[in-house]
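J.: Each chain, letter by letter, is given below.
There are 6 protein chains.
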Amino acid sequence: MSTNVCRALFLGRFQPYHNGHQALIDHIVQSDDVDELVIAVGSAQWSHTLRDPFTAGERIMMITKALAGTKMTTYVLPIEDIERNSLYVAHIRSLTPPFEIVYSNNTLVQELFSEAGFEVRPLPFVQRDRYEGTKIRELMLQGEEWKKFVPTTVAAVLDEIDGIERLRQIAKTDKQP
Amino acid sequence: MSTNVCRALFLGRFQPYHNGHQALIDHIVQSDDVDELVIAVGSAQWSHTLRDPFTAGERIMMITKALAGTKMTTYVLPIEDIERNSLYVAHIRSLTPPFEIVYSNNTLVQELFSEAGFEVRPLPFVQRDRYEGTKIRELMLQGEEWKKFVPTTVAAVLDEIDGIERLRQIAKTDKQP
Amino acid sequence: MSTNVCRALFLGRFQPYHNGHQALIDHIVQSDDVDELVIAVGSAQWSHTLRDPFTAGERIMMITKALAGTKMTTYVLPIEDIERNSLYVAHIRSLTPPFEIVYSNNTLVQELFSEAGFEVRPLPFVQRDRYEGTKIRELMLQGEEWKKFVPTTVAAVLDEIDGIERLRQIAKTDKQP
Amino acid sequence: MSTNVCRALFLGRFQPYHNGHQALIDHIVQSDDVDELVIAVGSAQWSHTLRDPFTAGERIMMITKALAGTKMTTYVLPIEDIERNSLYVAHIRSLTPPFEIVYSNNTLVQELFSEAGFEVRPLPFVQRDRYEGTKIRELMLQGEEWKKFVPTTVAAVLDEIDGIERLRQIAKTDKQP
Amino acid sequence: MSTNVCRALFLGRFQPYHNGHQALIDHIVQSDDVDELVIAVGSAQWSHTLRDPFTAGERIMMITKALAGTKMTTYVLPIEDIERNSLYVAHIRSLTPPFEIVYSNNTLVQELFSEAGFEVRPLPFVQRDRYEGTKIRELMLQGEEWKKFVPTTVAAVLDEIDGIERLRQIAKTDKQP
Amino acid sequence: MSTNVCRALFLGRFQPYHNGHQALIDHIVQSDDVDELVIAVGSAQWSHTLRDPFTAGERIMMITKALAGTKMTTYVLPIEDIERNSLYVAHIRSLTPPFEIVYSNNTLVQELFSEAGFEVRPLPFVQRDRYEGTKIRELMLQGEEWKKFVPTTVAAVLDEIDGIERLRQIAKTDKQP
Numbered sequence: 015m016s017t018n019v020c021r022a023l024f025l026g027r028f029q030p031y032h033n034g035h036q037a038l039i040d041h042i043v044q045s046d047d048v049d050e051l052v053i054a055v056g057s058a059q060w061s062h063t064l065r066d067p068f069t070a071g072e073r074i075m076m077i078t079k080a081l082a083g084t085k086m087t088t089y090v091l092p093i094e095d096i097e098r099n100s101l102y103v104a105h106i107r108s109l110t111p112p113f114e115i116v117y118s119n120n121t122l123v124q125e126l127f128s129e130a131g132f133e134v135r136p137l138p139f140v141q142r143d144r145y146e147g148t149k150i151r152e153l154m155l156q157g158e159e160w161k162k163f164v165p166t167t168v169a170a171v172l173d174e175i176d177g178i179e180r181l182r183q184i185a186k187t188d189k190q191p
Numbered sequence: 015m016s017t018n019v020c021r022a023l024f025l026g027r028f029q030p031y032h033n034g035h036q037a038l039i040d041h042i043v044q045s046d047d048v049d050e051l052v053i054a055v056g057s058a059q060w061s062h063t064l065r066d067p068f069t070a071g072e073r074i075m076m077i078t079k080a081l082a083g084t085k086m087t088t089y090v091l092p093i094e095d096i097e098r099n100s101l102y103v104a105h106i107r108s109l110t111p112p113f114e115i116v117y118s119n120n121t122l123v124q125e126l127f128s129e130a131g132f133e134v135r136p137l138p139f140v141q142r143d144r145y146e147g148t149k150i151r152e153l154m155l156q157g158e159e160w161k162k163f164v165p166t167t168v169a170a171v172l173d174e175i176d177g178i179e180r181l182r183q184i185a186k187t188d189k190q191p
Numbered sequence: 015m016s017t018n019v020c021r022a023l024f025l026g027r028f029q030p031y032h033n034g035h036q037a038l039i040d041h042i043v044q045s046d047d048v049d050e051l052v053i054a055v056g057s058a059q060w061s062h063t064l065r066d067p068f069t070a071g072e073r074i075m076m077i078t079k080a081l082a083g084t085k086m087t088t089y090v091l092p093i094e095d096i097e098r099n100s101l102y103v104a105h106i107r108s109l110t111p112p113f114e115i116v117y118s119n120n121t122l123v124q125e126l127f128s129e130a131g132f133e134v135r136p137l138p139f140v141q142r143d144r145y146e147g148t149k150i151r152e153l154m155l156q157g158e159e160w161k162k163f164v165p166t167t168v169a170a171v172l173d174e175i176d177g178i179e180r181l182r183q184i185a186k187t188d189k190q191p
Numbered sequence: 015m016s017t018n019v020c021r022a023l024f025l026g027r028f029q030p031y032h033n034g035h036q037a038l039i040d041h042i043v044q045s046d047d048v049d050e051l052v053i054a055v056g057s058a059q060w061s062h063t064l065r066d067p068f069t070a071g072e073r074i075m076m077i078t079k080a081l082a083g084t085k086m087t088t089y090v091l092p093i094e095d096i097e098r099n100s101l102y103v104a105h106i107r108s109l110t111p112p113f114e115i116v117y118s119n120n121t122l123v124q125e126l127f128s129e130a131g132f133e134v135r136p137l138p139f140v141q142r143d144r145y146e147g148t149k150i151r152e153l154m155l156q157g158e159e160w161k162k163f164v165p166t167t168v169a170a171v172l173d174e175i176d177g178i179e180r181l182r183q184i185a186k187t188d189k190q191p
Numbered sequence: 015m016s017t018n019v020c021r022a023l024f025l026g027r028f029q030p031y032h033n034g035h036q037a038l039i040d041h042i043v044q045s046d047d048v049d050e051l052v053i054a055v056g057s058a059q060w061s062h063t064l065r066d067p068f069t070a071g072e073r074i075m076m077i078t079k080a081l082a083g084t085k086m087t088t089y090v091l092p093i094e095d096i097e098r099n100s101l102y103v104a105h106i107r108s109l110t111p112p113f114e115i116v117y118s119n120n121t122l123v124q125e126l127f128s129e130a131g132f133e134v135r136p137l138p139f140v141q142r143d144r145y146e147g148t149k150i151r152e153l154m155l156q157g158e159e160w161k162k163f164v165p166t167t168v169a170a171v172l173d174e175i176d177g178i179e180r181l182r183q184i185a186k187t188d189k190q191p
Numbered sequence: 015m016s017t018n019v020c021r022a023l024f025l026g027r028f029q030p031y032h033n034g035h036q037a038l039i040d041h042i043v044q045s046d047d048v049d050e051l052v053i054a055v056g057s058a059q060w061s062h063t064l065r066d067p068f069t070a071g072e073r074i075m076m077i078t079k080a081l082a083g084t085k086m087t088t089y090v091l092p093i094e095d096i097e098r099n100s101l102y103v104a105h106i107r108s109l110t111p112p113f114e115i116v117y118s119n120n121t122l123v124q125e126l127f128s129e130a131g132f133e134v135r136p137l138p139f140v141q142r143d144r145y146e147g148t149k150i151r152e153l154m155l156q157g158e159e160w161k162k163f164v165p166t167t168v169a170a171v172l173d174e175i176d177g178i179e180r181l182r183q184i185a186k187t188d189k190q191p
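Chains W, U, D, Z, X and L, in that order, give the protein sequences.
Numbered per my numbering, the first sequence spans residues 15 to 191.
Numbered per my numbering, the second sequence spans residues 15 to 191.
Numbered per my numbering, the third sequence spans residues 15 to 191.
Numbered per my numbering, the fourth sequence spans residues 15 to 191.
Numbered per my numbering, the fifth sequence spans residues 15 to 191.
Numbered per my numbering, the sixth sequence spans residues 15 to 191.
In short, the hints are calculated from the structure, not lab data.
Keep in mind the model is a prediction, meaning the values are calculated, not measured.
No copy labels: a pair is met if it fits in one copy or bridges any two.
Simulated pairs of lysine to aspartate or glutamate, EDC-like, Cα-Cα distance not exceeding 20 Å:
1) Lys186 to Glu129
2) Lys79 to Glu50
3) Lys149 to Glu179
4) Lys186 to Glu133
5) Lys85 to Asp40
6) Lys79 to Glu114
7) Lys162 to Asp173
8) Lys186 to Asp176
9) Lys161 to Glu146
Start from the sequences, fold in the hints, and give me the full structure.
T.: What follows is the structure in structure tokens.
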């Protein structure tokens, strides 16, 4: 492989895609040595649970619309979990354009890509406690204000797919008579 | 789901993406009633065979670069085969943004999406015999001129991934001493 | 599809099939608008655990024998779990006769079938605390009276397969020397 | 396991269930030493192909209705193919009530169940060339008379699911412009 | 099958292989009626987790080297978990030479092989609390002395694969900025 | 990884293991720069077919016994096929000790390991037409002399598992009445 294009990978579950993700991607886009960015939508097979309410397709739509104005070439791709850590790097590589750099703070991801010879870069911590997905899903369930924590394009997607209603329905208990 | 956006699905193997595909996508992009286009890269799990030499990631790179100038919002996504036809529509829907129209000349795809209530539209036949993938892979193997049948961006991707050399290596027989 | 037959789906794990299930099925059989009933034996791939001691085949035998006298046409079928909620409805539909109504109190099942356009009906609560499977398996383990909570045909099946002995063997701890 | 009930297994693809199958089952039902019959619908995951047009659920519906009057207790169950012959017997056993006898003329099935210690009985040849599935599907495609080769209840199921139309749609070629 | 060779199965996860395992195998090797020993490396698909840090290949290397001097013929084989207990015995049998005896203290393993007609023998308790894998992995993480609890050949393998470093990297939390 | 041990991989289906395989392994064992040999039993999940009659466990037993006298440390391991060529190298690596050299004449195997940076060495052609598996299985079926083409230990294993009888049973046609 002889190429001068340098691609980086950014991996997340994006349940939903929020301002914290956006800030991290803005950070990567501004780095001098990255030319193209691969955004991997992990746990792609999951949906309709409290932890993973949205389908891979829905999450891809959120991200694609949020990045519409980005100048860098981006690839937004679903990656299903694979129950064998030793195959994870090969699994991701087979579904993505070739890349050299991996952005992640997950220590398992760091270890797997390091063993495979990739350059692994930590992510700067961007107001994690305010933006993280768990908190946003909780606000959605409580009927509180969540829209300010996500890009407006993401809120529009959630409207289109009736996402808040789905989350609330799943959260109901089936224990009552 | 209450949305006024109309999305269409276009499904192919793209081994490789060629001018015939490009002409079909140009045709869809010009239709009045399609707002966004989902391009599904089928048989995503296959690579390194004579029929499917390129990985899903490589094919996605080809298509994304070829469509860089397109005004319509497009989603280019890998779809693995699933050995149960009766799950195929649900499988694709879970990995893609919601869509209503399916462009395909494949009668199985037409039947499956028709049974599921989708609008299925046939594709106009665009010089099929000149552009089809089998013929282009054959030209690659024979060392003949193939670049004029694919977008220039696709030829550049094939250079980056050393695609022609891979195809030739796989085509060698292991029967000699 | 042009048919006047209306089929309903009833989904459970049936570990084991008990009088509570029987009461619910009696309730469905008496509804005016249901002609045939599909009984789906969920988590069909599980057996030999404290939560799921009996195989799908054993559970199907329990149910078939318990329903021997029923006038309504019934189908008793194994359904393996599928680790993708977005495929669950298609998965069940491919293994069952066509149906229109789903009886369930499980909110995930309700949501998945509602999104797919099915009529979902809640089940009346029939002495849940007395009859539920967990409690019956506990009685079996403790050597207490459990037979009165299941149809006599089910007790006969459990005898034939030596089911109580299996449950007790699995429950033993392997921590002693 | 201490039981006096003797169950037998009969395995087929049933694409569709026809008079030949019915004759074989009538033969088994009349044997003195079989008390209950398990009918396994093989290749359950396949549908929507020329060789396997009907889903497992549809085939189960055909068989259940055709056997409505049978006095013997029968179990009609879907069995997915498993790509490991050495697990096939255990796979079937886990999804079916316990059985001791296997009726089959397939030599692989005979070998696998023989190695596992089952009694394997050959089936009498019942007008194979007239009734076999391939021929009936061919008649359906040609628009010729096929209804006399299947029980009337099966013809009714095929009407309900619009089965002939599906078969014809799949059989169309997608090679024309 | 007419053979006078008697083989036994010993099943473990071996994370890592330690002196406790070695003592148990020494015990089996000395039994009068066992001629050959099959050592099944369970949960073979797992690696790179705190509970299962080492790959199947790495564990097989540990055991093979530790048993280099053993006079008995041994087979050291990877066995992936299978999410269906009812197939587990057939799964193991298909990947191993024929065996008749199973050594295990795990009650599920005992039940599954007993139901399948195997002779199941309990293992003598060999200083379990001192040698067990959990404790050794904890020592590795704490930087305390662990080498005396494993054969020297195993320590050499862990050096070659940089195993302690992997374990420590995985154990780091990703919660800090 | 800092090791001075050099391991090589030799991959085959071994249906059955024969003198041609033995000659190739003798050749590898004599090379100056290989210290240990990993023998991968491919298509491990297949058995009971005309092309793949013997289980992985049976083939492992054949090879282990045939190599009993070998001085080099060998690992004989089952490797199931994986329907994704792009994962094949990672799949094998996760189940084997670390290796650097791959012996193979198969062009796909050569390409996959070359792309992954391994040294690939062709095998010398050792009387291929006399020894190859297809021919030996044909002799077994015809009742002709096959024992001289395999090590005597392999013939003993085939006797123990009644292998020839299995092959002949599978080869029977089920077309007769």
